[in-house]
Amino acid sequence: MSGSMLRAENLHLWRADRHVLRGVDLAVRGGELLQLTGANGAGKTTLLRALCGLNHLEEGRVFWKERDVREDREGFHASLVYLGHAPPLKPDLSGVENLGFWMGMRRRISREAIDAALARTGAGGFATRPVRTLSAGQRRRVALAGLVLASVPLWLLDEPTTNLDSGGQELVAALVDAHLAAGGLAIAAVHHRLGIEPARARELNLSA
Amino acid sequence: MSGSMLRAENLHLWRADRHVLRGVDLAVRGGELLQLTGANGAGKTTLLRALCGLNHLEEGRVFWKERDVREDREGFHASLVYLGHAPPLKPDLSGVENLGFWMGMRRRISREAIDAALARTGAGGFATRPVRTLSAGQRRRVALAGLVLASVPLWLLDEPTTNLDSGGQELVAALVDAHLAAGGLAIAAVHHRLGIEPARARELNLSA
Amino acid sequence: MSPTPPEPTAPLTALRLVIARDLMLAFRRPEELIHPLAFFVLVTALFPLSLGPEPSTLRVIAPGVLWVAALLAALLALDFLFRDDAQDGTLEQFALSGQSLTGLLLGKTAAHWLLTGVPLSVMAPLMGYTLGVPASASLGIMATVALGSLALSFIGSIGAALTLGARRGGVLLSILILPLAAPILIFGSRATELAIRGEAYLAPMELLGAIVVLSFTLAPLAAAAAVRISLE
Amino acid sequence: MSPTPPEPTAPLTALRLVIARDLMLAFRRPEELIHPLAFFVLVTALFPLSLGPEPSTLRVIAPGVLWVAALLAALLALDFLFRDDAQDGTLEQFALSGQSLTGLLLGKTAAHWLLTGVPLSVMAPLMGYTLGVPASASLGIMATVALGSLALSFIGSIGAALTLGARRGGVLLSILILPLAAPILIFGSRATELAIRGEAYLAPMELLGAIVVLSFTLAPLAAAAAVRISLE
Amino acid sequence: MTWTWFHRLGSPPYIYRLAGRLTPWFAWSAAALIVGGLFGGLLLAPPDYQQGDGFRILYVHAPTAWLSLMVYTWMGVAAAVGLIWRIKVAHALAAACAPVGASFTAVALATGSLFGKPMWGTWWVWTPRLTSELLLLFLYLGYMGLRASFDDIQRADRASAVLAVVGIVNVPIVHYSVVWWNDLHQGSSLSLAGKDTIALSMLVPLLVCLLGFTLYFGAIVLVRLRAEILLRERAAAWIREVLA
Amino acid sequence: MFQFHSFSQFLAMGKYAAYVWPSYGLTLLVVGLNIAWARGLLARAQLEARRRLATQEGHA
Ligand code: HEM
Ligand SMILES: Nc1ncnc2c1ncn2[C@@H]1O[C@H](COP(=O)(O)OP(=O)(O)OP(=O)(O)O)[C@@H](O)[C@H]1O
Ligand SMILES: Nc1ncnc2c1ncn2[C@@H]1O[C@H](COP(=O)(O)OP(=O)(O)OP(=O)(O)O)[C@@H](O)[C@H]1O
Ligand SMILES: [Mg+2]
Ligand SMILES: [Mg+2]
Chain A
0 MSGSMLRAEN
10 LHLWRADRHV
20 LRGVDLAVRG
30 GELLQLTGAN
40 GAGKTTLLRA
50 LCGLNHLEEG
60 RVFWKERDVR
70 EDREGFHASL
80 VYLGHAPPLK
90 PDLSGVENLG
100 FWMGMRRRIS
110 REAIDAALAR
120 TGAGGFATRP
130 VRTLSAGQRR
140 RVALAGLVLA
150 SVPLWLLDEP
160 TTNLDSGGQE
170 LVAALVDAHL
180 AAGGLAIAAV
190 HHRLGIEPAR
200 ARELNLSA
Chain B
0 MSGSMLRAEN
10 LHLWRADRHV
20 LRGVDLAVRG
30 GELLQLTGAN
40 GAGKTTLLRA
50 LCGLNHLEEG
60 RVFWKERDVR
70 EDREGFHASL
80 VYLGHAPPLK
90 PDLSGVENLG
100 FWMGMRRRIS
110 REAIDAALAR
120 TGAGGFATRP
130 VRTLSAGQRR
140 RVALAGLVLA
150 SVPLWLLDEP
160 TTNLDSGGQE
170 LVAALVDAHL
180 AAGGLAIAAV
190 HHRLGIEPAR
200 ARELNLSA
Chain C
0 MSPTPPEPTA
10 PLTALRLVIA
20 RDLMLAFRRP
30 EELIHPLAFF
40 VLVTALFPLS
50 LGPEPSTLRV
60 IAPGVLWVAA
70 LLAALLALDF
80 LFRDDAQDGT
90 LEQFALSGQS
100 LTGLLLGKTA
110 AHWLLTGVPL
120 SVMAPLMGYT
130 LGVPASASLG
140 IMATVALGSL
150 ALSFIGSIGA
160 ALTLGARRGG
170 VLLSILILPL
180 AAPILIFGSR
190 ATELAIRGEA
200 YLAPMELLGA
210 IVVLSFTLAP
220 LAAAAAVRIS
230 LE
Chain D
0 MSPTPPEPTA
10 PLTALRLVIA
20 RDLMLAFRRP
30 EELIHPLAFF
40 VLVTALFPLS
50 LGPEPSTLRV
60 IAPGVLWVAA
70 LLAALLALDF
80 LFRDDAQDGT
90 LEQFALSGQS
100 LTGLLLGKTA
110 AHWLLTGVPL
120 SVMAPLMGYT
130 LGVPASASLG
140 IMATVALGSL
150 ALSFIGSIGA
160 ALTLGARRGG
170 VLLSILILPL
180 AAPILIFGSR
190 ATELAIRGEA
200 YLAPMELLGA
210 IVVLSFTLAP
220 LAAAAAVRIS
230 LE
Chain E
0 MTWTWFHRLG
10 SPPYIYRLAG
20 RLTPWFAWSA
30 AALIVGGLFG
40 GLLLAPPDYQ
50 QGDGFRILYV
60 HAPTAWLSLM
70 VYTWMGVAAA
80 VGLIWRIKVA
90 HALAAACAPV
100 GASFTAVALA
110 TGSLFGKPMW
120 GTWWVWTPRL
130 TSELLLLFLY
140 LGYMGLRASF
150 DDIQRADRAS
160 AVLAVVGIVN
170 VPIVHYSVVW
180 WNDLHQGSSL
190 SLAGKDTIAL
200 SMLVPLLVCL
210 LGFTLYFGAI
220 VLVRLRAEIL
230 LRERAAAWIR
240 EVLA
Chain F
0 MFQFHSFSQF
10 LAMGKYAAYV
20 WPSYGLTLLV
30 VGLNIAWARG
40 LLARAQLEAR
50 RRLATQEGHA
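Chains as they are written, first to last, in numbering that gives the first Met the number 0: chain A, 0 to 207; chain B, 0 to 207; chain C, 0 to 231; chain D, 0 to 231; chain E, 0 to 243; chain F, 0 to 59.
Bound-form chain A, shown alone (with noise of 0.2 angstroms):
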């Protein structure tokens, strides 16, 4: 744990005529949570997606262990999974066939090993039912064995416990944790701080 493996700086980033990212500065090491925070329209969601590059930014640059994401945006790309505002699931498809391509087409993946991801988010009841069917607490749990199952060392994760109960909550705490403490890193915007011993979770306000 040496130094930061996810590093940005000096990020700008224009909707429109809105300057959203106005010089963002981030580092994040191996272990570590980073929360961000922020009113309502602060820029989080903007922030979460200009870190892996679905939004172009304008000036600044992202590193990965030290490495500007640019000059391998596909490597960065394997070793992150981002979880946006709305689980990414085809509504016709059942929880385990949708983890199936979703990240069969990352890694080579087995069977069991989607079972108990779904199993361990609490999934394992409806995980064969199209996900159409689903509540919106359960859609979001079975999006959670995602992560589970990506295995790799980075998450970006868009307001996790949306729509979970209060078990669920505590659920993306436990999965955040196990995350940390394997020496993956992750960037979560919040609401309700996710309840990570203050030590592994710093934080960064977007109001400011």
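Calculated directly from the structure, the hints in this document are not laboratory data.
Take the hints with a grain of salt, since some may be wrong.
[To be verified] With the Cβ distance kept under 8 angstroms, some of the chain D side facing chain E (calculated, not the full set):
1. 83
2. 145
3. 161
4. 164
5. 171
6. 174
7. 175
8. 179
9. 182
10. 221
Glycine included, every Cβ here is placed at the ideal spot set by N, Cα and C.
Could you slot chains B, C, D, E and F with the ligands onto chain A? The hints should help.
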């Protein structure tokens, strides 16, 4: 505040082969909030939609002011607002225009009233921008202004604090509080209690 | 709740609001207004491209080409009649507004015809001309296309409402509506053909009118029922 | 992070997975598989309805009708090529998968052609027959439609990706693609006409083939660029 | 060193100022040439031996028709440069070209129709040139429609650039396929006027008009280019200077 | 040198007046519209840029 304003008896509803509502009974009087809780998939969304007639009940009846709502569906609808998982806003219209049409269909409304409502929910600053350019929480604030504008006695809210920052969460509580104080009633599906004094807030747990 | 109970909106005001809203939305994106027209022109142009520029051939198929192209252009636009409103929850709010859903949908359908049927009927004689139809038939073509597209808007509103639940509404809508639209097509192209030949085209026009009246009275009711089902 | 680093998926495996996924999704809704076919049949049937059943007329316009109907059917289906995946966030995950986006989109386009172009090319001779085309032309029609629809799928994939950000993609897509599809239509219906007449149709087929090769090499790149833009 | 001109051409303030300085030169020479050319065409050129005085339509038809093709080429090249080297000014140039090109295309179609009615007896036939010109109009309209469907100007730039580049590959294909199509069917009975016999007093005004309209296009695009650059520059201090 | 002997002859354009003059009129109209349109666009862009500068100063 004699009897209950809204009463439901023995509601049964199936989704495919799942018996989601199994004989739900409830009664809410003016000035009272009923919070629906329960694990993900317990049936909170389904119950709310069934109450206002968007989902078809297999069995059971809903009474508004002791009259079966099927006798005067339009009258019942004119006394309620339902706010679902996603805010009912046109991406191309601004917040002001959205409210003008949405609430204009229900009642005569002035531009001042709209502006006042938007200011009340902290949406004044972005009320004239197309909704599609707003962040998740900003949209929700615009939708909440619709509640204020409607001036109807019954609010049906599905996770109204989703995507809201902490100020927003307090705002929802304050809005509901004022609504109850004016004699209105509300049913809200929630994962976190809204923070209304217990005397006026009851709870219905659907997991049981 | 405000101290004085709010004054409810009158049904006609609500209808007007719906039409105004749809027109405003359309003019918010003026470039989309020409979509049906552009589609109509392009589809018409496909026939000379594939059959060659021979005016004698083109003149024979002109009524068919015009009507098929207009039908398809109107049909594609129909797909959006309710879809946006369904997605962002507006239809749900229509159903819960305390106003008659039938009336509100009637307003939406009328706005839709103003935005597609009317421009198409103005464009049809022009494209007819390029296919060798004499200019004297212009008025007749315009009138038949206007009437036919009105009927299509009504009938199509049922289809648009029925396919709301479907994932790939557009094509399904065409498949549902094209058989129902066959009478419109037959009478419409018959009237066009007569107009081209310079004969009286009142008889098929009256039949078109009858279809319009029938669909005007029945379609909004059916569409409202279909919308309610789609909301479940 | 698991103790052993996971084994990454090979590019070809990813391509296969994408095709398998799209086919599975399509067969999950088998009724949607016939949509393009039904649309094709209905549009073809509109012409005898509006022009009358005269075989001599119909035979002359058969190549045009078949090609325009097939083009429109394929075009309408194209609208869904990326739309569902964009809405539910799958495309975003494609772009972040660490695999080449170009390759993944190539897979999607190939699956799309298997699901629409191939059935259309099987159906085309049948509908041709109803318009009075001799059965001897069947093979020729099938081959030209198959090749033409393949080129259209590639070119159309650019349009489908470009209109992802647009609200009413469907019609805009047609307007963007139809001018670009003119060569396909011209060579395709030319080949069909030659096949109907029993003459050699290799020359226009070769030109179609050249378009396929060109679009196969360029279109997925352009589509990937367009998808990335749409994600912003 | 040799690349400095390239960098300067990519610099918004430089181009903005340059465009402002060049505009009057383009505008006034265009005005002079157009007035002179049209004067020559209307009054000095002898009537065509077949088409009589009707052929004078050519002096507005040919320049607009020619420009409709040239502008599209410019647009495609600018878009490609913008896409490859991520140069904002190139995107701005492409965006500035489209409406002007579309208007020239529309005028070429309209004047062609006005030409066709007395010469061919019809306002329109589906011959290759006419059809491909119509398709060109839709290429322009599609480009503009696509731009309009984006809120964000940067995204609009890049998306429409993809279309413009694809379209430019297609301009020759569309053109030749349509020509080919006609060759296969029996030759059109209508053909454009043979120009081998054109008199010098006819030709000179035509060339003058061509040059004049081209310079006019340059002037319009330079003005539009400045507007498009301003729309793309947000915080730059140079804007304060140029607007002061 | 001039091809027409009188102004009315010039206007008549040897029976082609109905086609020649609309062509020229339309072309010049579009030429003018393009000028107005381009200048309007520039004026609007400059206004917007000024406004943006002003709001930035307000924040600073
Ligand atoms: C709607 C009808 C018409 C359209 C769309 C049209 C289109 C065009 C186009 C695109 C060009 C430019 C060709 C190039 O620069 O390569 C052109 C040039 C020309 N057109 Fe037309 N045209 C039309 C009608 C006519 C008619 C009726 C005539 C005369 C009888 C005519 C005579 C010419 C001549 C002489 C030129 C310039 C010489 C050349 O480049 O070939 N056009 N037209
Ligand atoms: N079409 C369907 N087929 C089968 N089961 C369904 C269908 N639609 C919904 N369900 C089930 O109905 C139950 C109730 O769903 P509902 O959306 O009401 O839950 P909820 O309490 O709102 O959950 P959440 O907290 O996640 O929003 C869920 O278990 C869901 O899986
Ligand atoms: N196209 C656009 N035009 C103008 N402003 C935009 C556009 N898109 C986004 N914005 C603005 O950018 C800001 C950042 O949005 P973002 O979605 O990142 O906020 P957020 O911090 O995630 O908020 P929330 O907590 O509500 O999710 C918001 O103020 C939003 O209004
Ligand atoms: Mg957000
Ligand atoms: Mg729910």
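Going down the list of hints, with the structure as the test:
Evaluation of the residue 83 (chain D) hint against chain E yields a violated restraint, the C-beta minimum of about 19 angstroms exceeding 8 angstroms. Proximity of residue 145 (chain D) to chain E is violated relative to the hint, the smallest CB-CB distance being about 19 angstroms (cut-off 8 angstroms). Because the smallest distance between the Cβ of residue 161 (chain D) and any Cβ of chain E comes to about 5 angstroms, under 8 angstroms, the interface hint for this residue holds. Interface hint status for residue 164 (chain D): upheld, as the beta-carbon distance to the closest one in chain E is roughly 6 angstroms, under 8 angstroms.
With a cut of 8 angstroms, the hint placing residue 171 (chain D) at the interface with chain E holds, because the nearest CB-to-CB distance is about 6 angstroms. Restraint check, residue 174 (chain D) versus chain E: the minimum CB separation of about 5 angstroms is within 8 angstroms; hint holds. The closest approach between the C-beta of residue 175 (chain D) and any C-beta of chain E is roughly 4 angstroms, which is under the 8 angstroms cut-off, so the hint is satisfied. Hint status for residue 179 (chain D): holds, given a least beta-carbon distance of 5 angstroms to chain E, under 8 angstroms.
Interface restraint check for residue 182 (chain D): the shortest CB-CB distance to chain E comes to about 4 angstroms, inside 8 angstroms, so the restraint holds. Checking residue 221 (chain D) against chain E: minimum C-beta separation of about 5 angstroms stays under 8 angstroms; hint holds.
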